[in-house]
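Line order of the protein sequences matches chains A and B. Under the numbering used here, the first residue of the first sequence is numbered 1386, with each subsequent residue one higher. Under the numbering used here, the first residue of the second sequence is numbered 310, with each subsequent residue one higher.
In case anyone wonders, no lab produced these hints; they're calculated from the structure. Any given hint might turn out to be false.
With a straight-line Cα cutoff of 30 Å, these simulated DSS-like cross-link-like pairs (lysine-lysine) come out [stated by the list, open to error]:
#, chain 1, residue 1, chain 2, residue 2
1, B, Lys675, A, Lys1470
2, B, Lys641, A, Lys1425
3, B, Lys676, B, Lys641
4, B, Lys656, B, Lys679
5, B, Lys565, B, Lys676
6, B, Lys402, B, Lys679
7, A, Lys1425, B, Lys565
8, B, Lys421, A, Lys1425
9, B, Lys656, B, Lys402
10, A, Lys1470, B, Lys344
11, B, Lys656, B, Lys621
12, B, Lys565, B, Lys641
13, B, Lys565, B, Lys402
14, B, Lys621, B, Lys641
15, B, Lys344, A, Lys1425
16, B, Lys393, B, Lys621
17, B, Lys676, B, Lys344
18, B, Lys402, B, Lys344
A few chain A positions that, by computed beta-carbon distances, are all more than 10 Å from chain B [said to hold, decoys possible]:
#, residue
19, Glu1392
20, Val1396
21, Leu1416
22, His1439
23, Ile1443
24, Arg1448
25, Asp1471
26, Phe1473
27, Arg1477
28, Ile1479
Beta carbons: idealized from backbone N, C-alpha and C, even for Gly.
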Amino acid sequence: MAIRREEVEHVAHLARLHLDGEELDQMTEQLDTILSYVAKLDELDTTGIEPTTHAFSITNAFREDRVEESLDQEAALANGPDHTKDSFVVSRII
Amino acid sequence: MEPYELSITEASERLADKELSSVELTSSCLARIDKTEERINSFISLDSERALARAEAADRERAAGTAGLLCGIPLAIKDLLCTKDRVTTCGSKILENFTPPYDATVVEKLDKQGAVIVGKATMDEFAMGSTSENCAFNIPSNPWNTDYIAGGSSGGSATSVASGQVLGSLGSDTGGSIRLPASLCGIVGMKPTYGRVSRYGLVAFASSLDQIGPLTRNVADCAVMMQSICGYDRRDSTSVDHPVEDYSSFLAEGLKGVRVGVPREYFGDGLDAEVRAVVLNGIEVLRAAGADIVDVSIPKDTRSAGFGPEMKRRILIGTYALSSGYYDAYYKKASQVRSLILEDFRKAWESCDVLVSPVAPTPAWKKGEKVDDPLAMYLSDIFTLSTNLAGLPGLSVPGGFSSNGLPIGIQLQGPHFHEGALIKCGFNLERGLNLETTIPAL
């Protein structure tokens, strides 16, 4: 087994996903298949190989530090389920 | 012939010659949508009123002599491209009521060229999937046989064009999401080089892999759409300031001096016999057009990284792979393998100018067939994903049909910013194959 049911349960908690018992069983089985397949990566020797995060790398896309036209607050906040005059209101998580 | 059957290029000629107005063309498309949408499900939202108003405006622009490249052409766009004051759901219930306060750069660009955006196309939820069956609203059907999947994740973008509802569309491609549905629905789909098209206003799936691109009924239309959407955008910090070629100038016959590589790893055991036959036939067509066919190897290719299709599964995998103790084993390892894949391609470009291969290992399959088998579903991306990992451009061109009448595409890949070379090879492939380009009757 590449992953156990308890691990899936733990990861689901970290991701704030609610899975019922049946979903947990199914996810464990499917994730196990996928992770076993991904384990094929281990067949490749990557010792000393630099990781690539962007295939076409651009470094430091800078712009002048000056105020430019942007969305007004009302438009920017319009899609939030709850907001004050100038900020989103979200549930406390810490 | 009804106006909706015209290609972008043909319609533009008629619009220019005043044989057709955009209002007539748009009305023809809307009538086609009325007739077919119940079975095809290309759209999450439609706005006929706005489309007709834009068509009227396009007709005025043309009369005033300010017609853009897509003036008056009805198009669809994938529902993860932000549209100001127009709901953008990403195929998810969670964004059912999301109305973006701004337009994506590509939407602005299409509008600037006079395009008529008819509606927002169905897609897998947040683009995660290969069949469009993970859409929270409508599941698009393959126009060639409505019991079959359209492919995904840009399913509606492909079905709307293939079924004659619009003349072209925009999709997005993270691991094959433009090329796969284009191939399965029998149309042309291009995934441009990473950084070629601005991603500003594209709801991200995997930021270092996503790229927006066009789906059209032929390669010439692909060139026009590319011309309209490519270019540097300061609002996307990964956008590349590289000159945009005149893509239509590559629509010339003859491939003398072009080296076409055939990567042997793409023709292994998992490849469907009919798909193999179509691609091999395509290679002969390229050879007949004057190309030098060379054997190449991309050893590391896509038998590497891999995540399942559906949201919860992907969230779990992502969280797991980045959680304490697993980062090195998965994320870092995959990023290192990505370096190896890039190196394989770099070596391939020493001996060839483009690569020819299948797009998908099989033609479309029946809806529901692979829903419970995430790994099998993932493997449909096996020939397209490495293009994204390496940031390369890729093009899917119709290559033929399976014995039960389903389309099969041929994939062309090239070095960074060599979209022109792909258009040139694709155009010659299309000419040489001379496939019947009918729209299914429905």
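We went through each hint and held it up to the structure:
{"no.": "1", "hint": "Lys675/B to Lys1470/A", "verdict": "violated, 51 Å"}
{"no.": "2", "hint": "Lys641/B to Lys1425/A", "verdict": "holds, 14 Å"}
{"no.": "3", "hint": "Lys676/B to Lys641/B", "verdict": "violated, 35 Å"}
{"no.": "4", "hint": "Lys656/B to Lys679/B", "verdict": "violated, 36 Å"}
{"no.": "5", "hint": "Lys565/B to Lys676/B", "verdict": "violated, 43 Å"}
{"no.": "6", "hint": "Lys402/B to Lys679/B", "verdict": "holds, 23 Å"}
{"no.": "7", "hint": "Lys1425/A to Lys565/B", "verdict": "violated, 41 Å"}
{"no.": "8", "hint": "Lys421/B to Lys1425/A", "verdict": "violated, 48 Å"}
{"no.": "9", "hint": "Lys656/B to Lys402/B", "verdict": "violated, 45 Å"}
{"no.": "10", "hint": "Lys1470/A to Lys344/B", "verdict": "violated, 47 Å"}
{"no.": "11", "hint": "Lys656/B to Lys621/B", "verdict": "violated, 38 Å"}
{"no.": "12", "hint": "Lys565/B to Lys641/B", "verdict": "violated, 43 Å"}
{"no.": "13", "hint": "Lys565/B to Lys402/B", "verdict": "violated, 52 Å"}
{"no.": "14", "hint": "Lys621/B to Lys641/B", "verdict": "holds, 22 Å"}
{"no.": "15", "hint": "Lys344/B to Lys1425/A", "verdict": "violated, 48 Å"}
{"no.": "16", "hint": "Lys393/B to Lys621/B", "verdict": "holds, 29 Å"}
{"no.": "17", "hint": "Lys676/B to Lys344/B", "verdict": "holds, 22 Å"}
{"no.": "18", "hint": "Lys402/B to Lys344/B", "verdict": "holds, 27 Å"}
{"no.": "19", "hint": "Glu1392", "verdict": "violated, 7 Å"}
{"no.": "20", "hint": "Val1396", "verdict": "violated, 5 Å"}
{"no.": "21", "hint": "Leu1416", "verdict": "violated, 6 Å"}
{"no.": "22", "hint": "His1439", "verdict": "violated, 5 Å"}
{"no.": "23", "hint": "Ile1443", "verdict": "violated, 6 Å"}
{"no.": "24", "hint": "Arg1448", "verdict": "violated, 7 Å"}
{"no.": "25", "hint": "Asp1471", "verdict": "holds, 16 Å"}
{"no.": "26", "hint": "Phe1473", "verdict": "holds, 14 Å"}
{"no.": "27", "hint": "Arg1477", "verdict": "holds, 21 Å"}
{"no.": "28", "hint": "Ile1479", "verdict": "holds, 18 Å"}
Hints 1, 3, 4, 5, 7, 8, 9, 10, 11, 12, 13, 15, 19, 20, 21, 22, 23 and 24 from the earlier list are contradicted by this structure; the remaining hints agree with it.
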